[in-house]
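Protein sequences appear in the order of chains C and H. Its first residue numbered 1, the first sequence is counted upward by one per residue in the working numbering. Its first residue numbered 1, the second sequence is counted upward by one per residue in the working numbering.
What the hints contain is simulated information worked out from the structure, not anything from laboratory work. One or more of the hints may lead you astray.
[Said to hold, decoys possible] The calculated lysine to any residue pairs, modelled on SDA-like cross-linking and capped at a C-alpha distance of 20 Å, are:
1) Lys147/H with Arg75/C
2) Lys143/H with Ser175/H
3) Lys115/H with Phe77/H
4) Lys46/C with Ala13/H
5) Lys79/C with Lys147/H
6) Lys172/H with Leu56/C
7) Lys78/C with Arg64/H
8) Lys46/C with Tyr20/H
9) Lys115/H with Thr169/H
10) Lys46/C with Leu56/C
11) Lys172/H with Arg64/H
12) Lys46/C with Gly116/H
13) Lys143/H with Lys46/C
14) Lys79/C with Pro190/H
15) Lys143/H with Gly116/H
16) Lys79/C with Gly146/H
17) Lys143/H with Ile132/H
18) Lys147/H with Lys46/C
19) Lys115/H with Ile167/H
20) Lys143/H with Thr68/C
21) Lys46/C with Leu16/H
22) Lys147/H with Ser175/H
23) Lys78/C with Val65/H
24) Lys147/H with Arg64/H
25) Lys115/H with Lys147/H
26) Lys143/H with Lys115/H
27) Lys172/H with Phe137/H
28) Lys79/C with Val65/H
29) Lys147/H with Leu56/C
30) Lys79/C with Glu173/H
31) Lys79/C with Leu66/H
32) Lys143/H with Val60/C
33) Lys143/H with Leu64/C
34) Lys172/H with Asp160/H
35) Lys78/C with Gly116/H
36) Lys143/H with Asn76/C
Every value quoted in this text rests on a predicted model; they were computed, and no experiment measured them.
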Amino acid sequence: MLAGVFAGFLLRKWKFRFVNGIILTLIWLLLFLLGVEVGMNEQVVKNFATLGLEALLIAVFATLGSVTGSLLLWRNIKKHSRL
Amino acid sequence: MKGSLIILSFFAAGLLLGVYRVLPASWLDYDYSFYVLAALMFSVGFSLGHQPDTIQQFRRIHSRVLFLPLTTVVGTFLGVLIVSFFSERSVIDFLAVASGFGYYSLSSILITEYKGIELGTIALLANILREIITLLFAPAMVKYFGKLAPIAAGGATTMDTTFPIIIRTSGKEFSVVSIYHGFVMDLSVPFLVTLCCSFK
């Protein structure tokens with residue numbers, strides 16, 4: 001990835017609109033491959049509902065935690081910009 | 001939103017092919033995903049290094065807002081710690097999944113590589129859900145948690161998929177903050193996920 005950052009920085013004068021297309025295609029391909037792997041794994045297929053519930057809990061609490069953090073920062077910024 | 005539906009359908013297509021054994025069993029012997037992942041990491045790095053304008057814009061940000069990515073990470077980790085008390089799964093697993101910050105494609109692939117397919121699937125679903133929650137509840141977040149909240153909730157997606165909803169709910173003046181936050185989080189996802197996965 002750092003090699004990519006470096007290459008991108010060196011070549012910043014040129015336009016490389018197609019890079020985002022490549023990224024999207026690679027992501028599609030990888031998620032497809034992940035799907036195949038998950039589908040062929042009976043253990044995971046059997047527990048799919050449980051895994052989904054765990055994922056939902058993690059997502060909700062991760063989001064709640066981060067917005068609470070941002071609330072504290074937001075209040076802090078407002079307090080100081082008034083001075 | 002449309003983007004995540006397309007991605008989900010690719011995952012679902014692969015899932016169906018796998019479940020019904022359309023592909024030969026030897027398929028899993030080859031590490032296809034590793035090579036595609038390496039190519040992906042290169043392209044992501046390339047696109048980050050290739051945005052001189054965004055790097056310039058960072059200078060115009062209020063200095064305290066620079067801490068927003070930090071509060072996002074700390075808040076996310078504390079939130080997930082609460083859930084981990086109610087599960088048999090290890091705290092590290094939860095932190096690894098949460099370190100995706102909505103960047104489901106990259107985090108799920110990395111976690112599958114390091115921790116196995118079960119946690120990788122959780123990472124995929126949890127991070128897609130985080131993006132969907134942000135898209136759906138951004139207005140409520142602004143109301144109850146202040147104007148920075150949708151940016152924190154969006155995690156690593158705030159310079160692409162959740163960017164439009166953020167500037168619509170928080171205001172145009174938050175676009176630079178949103179891009180800055182997404183940029184920093186994007187960079188930290190591979191590092192934090194790898195870091196979390198390196199603990200036992």
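Honestly, which of those hints from before does the structure not fit? Hint check: 6, 9, 13, 14, 15, 18, 19, 25, 26, 29, 35 fail, others pass.
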